[in-house]
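**Q** Chain by chain, the residues:
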Amino acid sequence: MRRRRLRSPRLRIVPQRPSEPYGFAMKGWRGLFPAGALMTGLLSTVLGGLVPAVTAIPVIPEMPSALEPFVKKRLDNGLTVIVKEARAVPIVAIYFFVNAGSASEQPGVGGLSHFYEHMFFKGTSRSGVGEMDRLIKGMGGALNAFTTIEHTAYHVIVPSEGTWTAFELLLEAFADSIFDAGELEKERRVVLEEIGRKDDMPQDRLRTEFVSVLLRGTPYERPVLGTKETVSGIKREDMLDFRKHFCAPNNTTLVMVGDVSTETAIAKIEAATRGLLPDPGIEARKPRFEFVPQQDMRELEIPMDVQQAYILVGFPNLGRRRIEDLYVLDVASTVLGEGRSSRLVQRLREREGIAISVGAWIEGLREAGCLSVEAVCAPGNVKRVTSEVLEEVGKLAGGGITEEELARAKTMLASDFAFANETVSAMARTLGAFEMATRAEDALAYVRKINAVTAEDVKRVTRETCRPKACTIVRVVAGRNASKGKP
Amino acid sequence: MLRKGSLDILASGELCKMVAGRFVTVMVLASGSLGTVPAQAASDLHREVLPNGLTILARQSASTGIVAVEVLIRMGPRFESDAEAGLSALTQNCLLKGTRTRSATQISLEIESLGARIAASSGSDHGLVSLLATSAVLDRALEVLFDVLTDASFPEAELALERTLLIEEIKARRDDPLSSAFELFQEAFYGAHPYHKPRSGYENTLNKLDRERVVKCYESFYVPGNMVITAVGNFDLYGFLKKVRERLGTLEKRPLPSETAVPAGDDSRKKSEVKASRDVDRAWLVVGYPAPSLSSPDYPAVEVLDCIIGGSMHSHLFIELRERQGLAYQVGSLYAARTGPGFLAAYAATDRRQFETVRDKIRSSLSGIAENGVNEDELERAKQYLKGTFVMKQEGTSAQAEMLGLFELEGLGWQFVERYPQLVSSVTRDNVKTAARKYLNRHTVAAVLPGVAKE
Numbered sequence: 000m001r002r003r004r005l006r007s008p009r010l011r012i013v014p015q016r017p018s019e020p021y022g023f024a025m026k027g028w029r030g031l032f033p034a035g036a037l038m039t040g041l042l043s044t045v046l047g048g049l050v051p052a053v054t055a056i057p058v059i060p061e062m063p064s065a066l067e068p069f070v071k072k073r074l075d076n077g078l079t080v081i082v083k084e085a086r087a088v089p090i091v092a093i094y095f096f097v098n099a100g101s102a103s104e105q106p107g108v109g110g111l112s113h114f115y116e117h118m119f120f121k122g123t124s125r126s127g128v129g130e131m132d133r134l135i136k137g138m139g140g141a142l143n144a145f146t147t148i149e150h151t152a153y154h155v156i157v158p159s160e161g162t163w164t165a166f167e168l169l170l171e172a173f174a175d176s177i178f179d180a181g182e183l184e185k186e187r188r189v190v191l192e193e194i195g196r197k198d199d200m201p202q203d204r205l206r207t208e209f210v211s212v213l214l215r216g217t218p219y220e221r222p223v224l225g226t227k228e229t230v231s232g233i234k235r236e237d238m239l240d241f242r243k244h245f246c247a248p249n250n251t252t253l254v255m256v257g258d259v260s261t262e263t264a265i266a267k268i269e270a271a272t273r274g275l276l277p278d279p280g281i282e283a284r285k286p287r288f289e290f291v292p293q294q295d296m297r298e299l300e301i302p303m304d305v306q307q308a309y310i311l312v313g314f315p316n317l318g319r320r321r322i323e324d325l326y327v328l329d330v331a332s333t334v335l336g337e338g339r340s341s342r343l344v345q346r347l348r349e350r351e352g353i354a355i356s357v358g359a360w361i362e363g364l365r366e367a368g369c370l371s372v373e374a375v376c377a378p379g380n381v382k383r384v385t386s387e388v389l390e391e392v393g394k395l396a397g398g399g400i401t402e403e404e405l406a407r408a409k410t411m412l413a414s415d416f417a418f419a420n421e422t423v424s425a426m427a428r429t430l431g432a433f434e435m436a437t438r439a440e441d442a443l444a445y446v447r448k449i450n451a452v453t454a455e456d457v458k459r460v461t462r463e464t465c466r467p468k469a470c471t472i473v474r475v476v477a478g479r480n481a482s483k484g485k486p
Numbered sequence: 000m001l002r003k004g005s006l007d008i009l010a011s012g013e014l015c016k017m018v019a020g021r022f023v024t025v026m027v028l029a030s031g032s033l034g035t036v037p038a039q040a041a042s043d044l045h046r047e048v049l050p051n052g053l054t055i056l057a058r059q060s061a062s063t064g065i066v067a068v069e070v071l072i073r074m075g076p077r078f079e080s081d082a083e084a085g086l087s088a089l090t091q092n093c094l095l096k097g098t099r100t101r102s103a104t105q106i107s108l109e110i111e112s113l114g115a116r117i118a119a120s121s122g123s124d125h126g127l128v129s130l131l132a133t134s135a136v137l138d139r140a141l142e143v144l145f146d147v148l149t150d151a152s153f154p155e156a157e158l159a160l161e162r163t164l165l166i167e168e169i170k171a172r173r174d175d176p177l178s179s180a181f182e183l184f185q186e187a188f189y190g191a192h193p194y195h196k197p198r199s200g201y202e203n204t205l206n207k208l209d210r211e212r213v214v215k216c217y218e219s220f221y222v223p224g225n226m227v228i229t230a231v232g233n234f235d236l237y238g239f240l241k242k243v244r245e246r247l248g249t250l251e252k253r254p255l256p257s258e259t260a261v262p263a264g265d266d267s268r269k270k271s272e273v274k275a276s277r278d279v280d281r282a283w284l285v286v287g288y289p290a291p292s293l294s295s296p297d298y299p300a301v302e303v304l305d306c307i308i309g310g311s312m313h314s315h316l317f318i319e320l321r322e323r324q325g326l327a328y329q330v331g332s333l334y335a336a337r338t339g340p341g342f343l344a345a346y347a348a349t350d351r352r353q354f355e356t357v358r359d360k361i362r363s364s365l366s367g368i369a370e371n372g373v374n375e376d377e378l379e380r381a382k383q384y385l386k387g388t389f390v391m392k393q394e395g396t397s398a399q400a401e402m403l404g405l406f407e408l409e410g411l412g413w414q415f416v417e418r419y420p421q422l423v424s425s426v427t428r429d430n431v432k433t434a435a436r437k438y439l440n441r442h443t444v445a446a447v448l449p450g451v452a453k454e
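Protein sequence lines, in the order shown, are assigned to chains A and B. Quick note on numbering that gives the first Met the number 0: the first sequence kicks off at 0 and runs consecutively. Quick note on numbering that gives the first Met the number 0: the second sequence kicks off at 0 and runs consecutively.
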């Protein structure tokens with residue numbers, strides 16, 4: 000279970016990077032890669048005492064990356080192991096990342112990787128149902144898992160003395176889950192219930208439908224949880240197939256962060272995973288497709304029993320195929336809608352008061368991505384909010400981002416990177432996500448790449464990929480709930 | 000995802016145990032994660048009370064490049080009459096919208112140009128002003144923090160905007176069926192007690208809160224004896240203390256605000272079951288019981304009880320409702336340990352046809368504990384789990400600062416973070432059974448059910 004941090008339970012109406020059902024892949028570059036930065040090559044401007052005048056000149060802080068150092072080793076069987084020592088605190092986070100998610104599924108078994116994830120801890124030939132959870136909890140740890148469009152992750156976080164017991168358990172579940180038929184049926188009901196629950200949450204509905212429209216024609220369009228129909232048809236054999244087809248060491252990254260000694264850890268992991276056999280056929284099994292960004296405008300309205308309106312506007316791009324553009328868009332989306340000083344928040348919320356909340360971020364999957372703007376407003380303001388969002392995006396494409404805005408965005412991104420990489424769990428997630436997207440080492444270059452973005456870059460990339468005439472707009476508005484009773 | 004029970008209003012247990020209730024976050028903060036108490040001695044934390052009554056807590060750590068400063072202020076629904084519902088939330092929402100020398104825009108620009116984050120929020124027992132910054136920019140960011148703490152100006156236009164938006168937020172929150180269910184629950188459970196009010200108040204009360212009231216709220220609550228400021232991270236300790244003494248030490252010592260009167264013996268507004276119809280797919284329900292306050296000697300036992308009931312994948316509710324019968328996906332419990340009377344609530348989302356079954360199972364599961372107690376295994380596991388996750392929760396600097404400040408403000412002393420593991424360890428089966436008997440007696444059910452939406 001994802002224990003939330005102590006402070007501020009976010010009201011859903013404040014736009015967040017969607018953490019579910021897309022998990023990492025859709026958290027956006029920014030959310031994915033929080034980290035302190037390598038500031039070499041970066042100008043740091045220091046002012047003694049900011050004058051609260053019209054322009055506050057941004058300061059870019061110099062700081063070491065929280066993610067350094069780490070050691071990465073690719074074992075003979077293809078398993079990638081990343082170990083990072085973080086000894087300040089006597090805990091360890093262990094993550095198994097499998098490079099397969101909903102996009103790897105065959106259409107008829109939509110939701111399989113997510114269902115598989117539910118079954119992951121439900122018993123092996125050695126441990127009965129719930130035993131793993133009992134053991135982990137009993138040592139003061141927590142286990143959990145999540146599924147996204149591109150990958151699935153199974154993880155534990157435990158006090159350091161429990162590290163190797165926990166590791167063995169995770170490995171056991173990874174290699175030897177039995178998917179008991181009775182448990183399967185029980186969990187199926189739970190998953191179906193989860194699908195139904197999401198249908199009741201305006202922002203979850205919004206995001207699921209948005210993805211299905213924006214990324215239409217690709218494996219990305221399907222809901223990560225699957226549909227009630229597809230999940231109802233998943234069989235035990237499908238679970239075994241998923242494991243056989245995707246859970247090979249050469250498709251997996253194992254990350255360990257915390258109170259461990261690197262050399263010992265790598266040696267132990269290597270010894271324990273020796274029995275895992277690589278599967279050379281994995282890459283061929285992954286779906287090959289090309290995403291063609293829409294050339295027209297697509298709109299969808301979803302009626303629900305709501306008092307407010309929830310809007311998501313998205314501009315598609317080629318995702319990690321054009322990875323350098325994603326850094327540019329990260330900066331662009333920050334200027335557009337991150338923080339109170341951003342253009343959208345200033346205009347729509349602060350000056351005009353027509354949006355309850357508004358924010359912008361980006362997504363970067365392997366073949367496709369987008370820049371998105373999400374807003375919540377009163378029904379009477381929907382038209383105006385929508386047109387102003389399009390207007391502001393258009394302005395960015397027309398150039399005119401100031402040096403000050405640019406510098407401020409970079410500073411915010413660099414700092415956010417540090418803020419979001421404080422804990423062993425966060426660091427493990429960042430390293431794992433980067434490894435699967437490109438390579439873990441790129442996490443260290445994130446801030447440098449952000450700092451290299453120019454105003455010209457922003458203009459060029461937004462002009463090319465953020466065209467108001469070729470975007471997707473999805474809205475959840477008041478009306479009879481059409482999803483009730485749907486299969 | 001297993002137990003995807005991440006509720007935005009009630010952060011799967013932790014938040015409600017510690018911080019009791021929702022916060023209205025004014026600005027998006029970078030999200031951190033839960034963490035661990037560093038293996039440092041108690042003497043590593045510096046505590047100081049200024050002559051004007053302001054409490055300062057400061058803990059340095061070289062293992063990070065950031066600093067979190069959390070200011071906690073005693074305020075919230077406990078201090079509001081029914082007519083003033085939402086006053087604390089409105090005041091907090093306007094705190095960052097201007098001072099005598101800085102406009103709202105200037106505040107945002109200044110902070111965000113530093114890459115820092117600042118937010119003001121409110122909960123059931125206190126308000127929070129949070130600052131998160133990289134070490135290099137702390138000094139500059141602190142200037143803004145001190146300014147809003149001492150000199151917020153509440154411009155009329157900003158107040159009007161924030162009032163409107165807060166009303167709109169209230170409506171938006173009701174669009175979430177679980178938030179709705181919890182709101183219904185608190186009204187029915189607390190009856191006439193001040194906690195019945197949502198933090199954000201109501202449209203009709205907010206519309207009557209004018210600038211004068213907001214300024215008076217600020218002046219009454221932002222008094223030094225009513226606040227704790229905590230800093231954790233990588234910063235110059237003595238430099239920080241000096242600054243705080245200079246900038247906040249001059250705040251006038253004024254009387255502490257008093258709580259609003261609790262109507263005596265008026266239980267007529269409490270209800271045992273309340274339902275609302277919404278055009279939703281599932282039934283969402285909350286079943287809650289009275290629970291001790293954060294400073295009660297029963298607090299540790301009920302922490303353990305909560306964990307056994309629904310705090311994990313091995314909890315009674317999880318096993319009963321989810322594992323055994325697949326009746327509910329999102330199922331869990333939370334313990335709102337407040338300054339005043341708290342509650343322990345189980346919640347679930349289920350099919351409409353199963354609503355009564357789930358409701359009755361929750362009640363019987365809980366009364367089962369009151370009757371039979373818990374076994375040694377589950378007691379041990381719950382205790383280990385609580386201690387382990389308590390440590391993990393404090394890994395992030397913000398979380399650590401907030402928790403230290405909270406216990407200090409509550410009068411438990413910041414050292415409570417160190418006593419907590421021991422307190423949990425010493426909970427016995429008898430303690431849990433006694434606590435269950437004592438508290439799990441008056442149930443309140445709130446449900447949002449599929450049906451035609453009422454106007």
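Worth flagging that the hints you see were computed from the coordinates, not collected in a lab. None of the values given here were measured: they were computed from a predicted structure. Careful, some of the hints might be misleading.
[Said to hold, decoys possible] Below, simulated DSSO-like cross-link-like pairs (lysine-lysine); rule was C-alpha separation at most 30 Å, straight line:
| hint | chain 1 | residue 1 | chain 2 | residue 2 |
| --- | --- | --- | --- | --- |
| 1 | B | LYS215 | B | LYS170 |
| 2 | A | LYS394 | A | LYS468 |
| 3 | A | LYS267 | B | LYS386 |
| 4 | B | LYS274 | A | LYS227 |
| 5 | A | LYS72 | A | LYS267 |
| 6 | B | LYS270 | B | LYS207 |
| 7 | B | LYS274 | A | LYS185 |
| 8 | B | LYS242 | B | LYS170 |
| 9 | A | LYS458 | A | LYS448 |
| 10 | B | LYS386 | B | LYS270 |
| 11 | B | LYS432 | B | LYS269 |
| 12 | B | LYS170 | A | LYS382 |
[To be verified] If the Cβ cut is set under 10 Å, some of the chain B residues that face chain A in the computed set are:
| hint | residue |
| --- | --- |
| 13 | GLU155 |
| 14 | ALA159 |
| 15 | ARG281 |
| 16 | ARG418 |
The beta-carbon is built from N, C-alpha and C at its ideal position, and this holds for glycine as well.
**Q** Keeping to a limit of 30 Å between CA atoms, is the pair of LYS270(B) and LYS207(B) held or broken?
**A** Roughly 28 Å separates the two Cα atoms, so the pair holds.
**Q** Grab the minimum C-beta distance from ALA159(B) to chain A and call the hint holds if it beats 10 Å, violated otherwise.
**A** 8 Å, holds
**Q** Run the distance test for LYS170(B) versus LYS382(A): straight-line Cα separation, threshold 30 Å.
**A** 19 Å, holds
**Q** With a cut-off of 10 Å, does the beta carbon of ARG418(B) approach a beta carbon of chain A closely enough for the hint to hold?
**A** Violated - the Cβ of ARG418(B) stays beyond 10 Å from chain A, reaching only about 17 Å at its closest.
**Q** Min Cβ distance, GLU155(B) to chain A: is it shorter than 10 Å?
**A** GLU155(B) check fails; min Cβ-Cβ to chain A is 14 Å, beyond 10 Å.
**Q** Holds or violated: LYS458(A) with LYS448(A), Cα cutoff 30 Å?
**A** Roughly 17 Å between the alpha carbons, so the hint for LYS458(A) and LYS448(A) holds.
**Q** Can the restraint linking LYS215(B) and LYS170(B) be considered satisfied, given a maximum Cα separation of 30 Å?
**A** 27 Å, holds
**Q** Does the structure keep LYS267(A) and LYS386(B) at a Cα separation of 30 Å or less?
**A** Measuring from Cα to Cα gives roughly 28 Å; hence the hint holds.
**Q** For the pair supplied as a hint, LYS72(A) and LYS267(A), is the alpha-carbon distance within the 30 Å limit?
**A** Holds: LYS72(A) and LYS267(A) sit about 13 Å apart, inside 30 Å.
**Q** Identify whether the interface hint at ARG281(B) stands, where standing means a beta carbon of chain A within less than 10 Å of its own.
**A** Holds. Min distance 5 Å.
**Q** Does LYS270(B) sit within 30 Å of LYS386(B), going by the straight-line distance between their CA atoms?
**A** Answer violated: LYS386(B) to LYS270(B) is near 36 Å, above 30 Å.
**Q** Measure nothing beyond the straight line between the CA atoms of LYS242(B) and LYS170(B); if it is 30 Å or shorter, mark the hint as holding.
**A** Between LYS242(B) and LYS170(B) the Cα gap is close to 42 Å, so the pair fails against 30 Å, i.e. violated.
When each numbered hint is compared with the structure, violations occur for hints 8, 10, 13, 16.
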